[in-house]
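Put the two chains together into one complex, using the hints given.
For the protein sequence lines, the chains are S and Z, in the order given. Using my numbering, you'd call the opening residue of the first sequence number 1 and step up by one each time. Using my numbering, you'd call the opening residue of the second sequence number 1 and step up by one each time.
Derived from the structure by calculation, the hints contain no laboratory data. Since the model is a prediction, treat every value here as computed from it, not as a measurement. One should not assume that every hint holds.
To be verified - Chain S regions said to be covered by chain Z (calculated; three or more residues, Cβ under 8 Å): (1) 36 to 42; (2) 59 to 69; (3) 117 to 126.
What the hints assert, rightly or not - Below, simulated DSSO-like cross-link-like pairs (lysine-lysine); rule was C-alpha separation at most 30 Å, straight line: (4) Z:147 - S:103; (5) Z:117 - Z:130; (6) Z:147 - Z:77; (7) S:61 - Z:51; (8) Z:123 - Z:100; (9) S:118 - Z:51; (10) Z:117 - S:103; (11) S:103 - S:118; (12) Z:123 - S:103.
Glycine residues also receive a C-beta, built at the ideal position from the N, C-alpha and C atoms.
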Amino acid sequence: MADTMQFDLVAPERRVASEQATQVVIPGFEGDLTAMPDHAPLITTLRPGVLEVFTAKGSQKYIVTGGFAEITADSATVLAERSHPVEEVTQAMIDEMVAEARKAHEIAHPDVVDASAKMLADMVAMGTHVGFEPQG
Amino acid sequence: MPSLKDLKTRIGSVKNTRKITKAMQMVAAAKLRRAQEAAENARPYAERMEKVMSGLAASATGAANAPRLLIGSGSDKVHLLVVMTAERGLCGGFNSSIVKLARTRINELRAAGKTIKILTVGKKGREQLKREFGDLFIGHVDLSEVKRLGYSNAQEISRDIIGRFDAGEYDVATIFYSRFQTVISQIPTAQQIIPAVFDESKAEEAGALYDYEPTEGEILAELLPRGVATQIFTALLENGASEQGARMSAMDSATRNAGDMINRLTIEYNRSRQAAITKELIEIISGAEAL
Chain S
1 MADTMQFDLV APERRVASEQ ATQVVIPGFE GDLTAMPDHA PLITTLRPGV
51 LEVFTAKGSQ KYIVTGGFAE ITADSATVLA ERSHPVEEVT QAMIDEMVAE
101 ARKAHEIAHP DVVDASAKML ADMVAMGTHV GFEPQG
Chain Z
1 MPSLKDLKTR IGSVKNTRKI TKAMQMVAAA KLRRAQEAAE NARPYAERME
51 KVMSGLAASA TGAANAPRLL IGSGSDKVHL LVVMTAERGL CGGFNSSIVK
101 LARTRINELR AAGKTIKILT VGKKGREQLK REFGDLFIGH VDLSEVKRLG
151 YSNAQEISRD IIGRFDAGEY DVATIFYSRF QTVISQIPTA QQIIPAVFDE
201 SKAEEAGALY DYEPTEGEIL AELLPRGVAT QIFTALLENG ASEQGARMSA
251 MDSATRNAGD MINRLTIEYN RSRQAAITKE LIEIISGAEA L
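Isolated chain Z, as found in the complex (with noise of 0.2 Å):
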């Protein structure tokens, strides 16, 4: 049994322990609001971009000299796998959830005879995975040193992402990321951004009534890499406020569990107190009685 001295210094760091956990949450409420911000006004641009990508892709999937990055490069042997987590941690499941997925999905196309190379965005995920995949890795993007995302960002990425897909090095890109919906569900996410895809159903409501300038073909292939770059962007954002909706409900929770634990050992601190005091009472009345 512990005594009273050591529950009391027990119970002063569980009260520190709150207290960091209870300003990180709130920080990361502050962080949260200002990243569903960014995430709310990036979308119109990204929003615009789908729609007129997707009826200019409608139309132009069937020309002969279609972009490669609508077609893909002929083949599917290679996959690139980016895989987007946070810098920091004590955020909950987010960066495993996010891992989990891309471990999945490269078991799968494993068994399915595929190559995949693995480019990781953020410290977090790279360390996961280094022990089961680090062969497979072919770069990483550091976001540390970043204070707030910008579409520059993303457009060195998407950069970077092309290059290799020009250079021959991979067939498909995919990007894993977490979608934010609520403080508390985030969802992890596999999008496939080389080539690229399009919902069907947008393509239609586009319509095909534009005059082009220049020739359509030729804005598509303008408009594609950027379509890739605003597609990262759009994922980096959204994984800015999963990550930090994910700290707040795990800070939260940490709170609450720090406050059950203080007033758990408050109880016993005070039964001990008590029951060092009854036993001192029994002493001296049989003491005084033994006279």
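The following block holds chain S by itself, in its conformation from the complex (with noise of 0.2 Å):
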């Protein structure tokens, strides 16, 4: 059994990790769920929230909001609209996602309201994780 497993975070405008990984914990729709190497193939669309990469080097936190998870025994491939390292989050950048989460939840549809007030839960739930304070 292989002990690493290829692992690609990929956002709209580039590629922002790719490297050899022991595991992968991705915030998955319905939960957080561990990617180690040989897991069965599965896709899962992604709730706001931090992702974990293991490497033989250490770990590696981003937040990613917006996209869906690929899973197979050998990858486990993210794509997500937003994707930075925590280290470079910024206050900032969690008020905008917060306010856009927001304005979309008002004018959400009736049908998709719950959905949009649970993006706005897990935007927050986000932000307070990384260390910030975001305007809930």
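The structure is reproduced here in structure tokens:
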């Protein structure tokens, strides 16, 4: 059994990370999940949250919002609309994302109002998680 | 026949023009490199997105409650054409070729009795289409203030387009842009984005071996709007690279033309100068002979 897998974190504008990882903790739509080598093939959407990747050199956290993850036995690919290493995140960035989610919630169609409320809550939780004070 | 002085000013002004076109060419070359890089960086995302979506779409198309973005509104009466062009001119046939493609399509659709609505992105295309189809415009996206195209620009456009679709304003949406091939060749392209179309062959590769969380249908419903945004983003970037490529080659040939013109004018200038000298000599000699 291989002990690493190819991990790619891709944003629309650039490839954020591409490395050999031993495990990846992904904020899946229905809860966090950890992908390790030889995981069963899975596609899941993401909720806004913190993704953590473990490599031989240590671990790195990223915030991710909007997108999906594709996991196979030897790779984990995460496509996220926005994604930044946690160190690069600023209060302004969090505020902007929360504001955007709130706006989306306000204009949300009745069918998707619950989903957008969850989105907003997740966004706020993500901000708190990385040590900022989102204006929930 | 122009006087010597006229010729000299003329040469001077053409030389200035050449300096300007040369500078524009170099600026375009630098911008092209950046635009190409941006397009390159965006490719992995777009490719994966398409791969996963075509896999999902293949299995969802038959389902009873398939998302409307995939199966359409059940009619194809009203067409939305999104014409993406540059904000600035002086880039050869770049804008015109996109507009030409759009115009052909408009005429085809009209002949087939469809209703057409036009959304323009970029000022130049709007100007060119205004006279003929001004009454079909339903909106315009101004990107002239945008320094560096970002995904957020594409998101805004796609939100607008999808919003109009949900409101039932149209049935089919097509984007018009120019695909970047090389510096000298850009291909005007029409691409249908709503309802989504997928390459069948890619769907088969993707396979249906995955577990899905939440269900396939829900994932697809969430991904389709992102797919639209991604396609628009790709188109914007391709367009950006094409524009700079077209400008670069247009300015290159303008520079070369100016050079040729300077050569011609210089020859003419020298000839007339020579003629004037000869004339003066003849006058002096015949004056001396008359003595």
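To see whether the hints hold, each was checked on the structure:
{"no.": "1", "hint": "36 to 42", "in the structure": "holds (count 3)"}
{"no.": "2", "hint": "59 to 69", "in the structure": "holds (count 3)"}
{"no.": "3", "hint": "117 to 126", "in the structure": "violated (count 0)"}
{"no.": "4", "hint": "Z:147 - S:103", "in the structure": "holds, 25 Å"}
{"no.": "5", "hint": "Z:117 - Z:130", "in the structure": "holds, 13 Å"}
{"no.": "6", "hint": "Z:147 - Z:77", "in the structure": "violated, 37 Å"}
{"no.": "7", "hint": "S:61 - Z:51", "in the structure": "holds, 27 Å"}
{"no.": "8", "hint": "Z:123 - Z:100", "in the structure": "holds, 15 Å"}
{"no.": "9", "hint": "S:118 - Z:51", "in the structure": "holds, 28 Å"}
{"no.": "10", "hint": "Z:117 - S:103", "in the structure": "holds, 28 Å"}
{"no.": "11", "hint": "S:103 - S:118", "in the structure": "holds, 13 Å"}
{"no.": "12", "hint": "Z:123 - S:103", "in the structure": "holds, 29 Å"}
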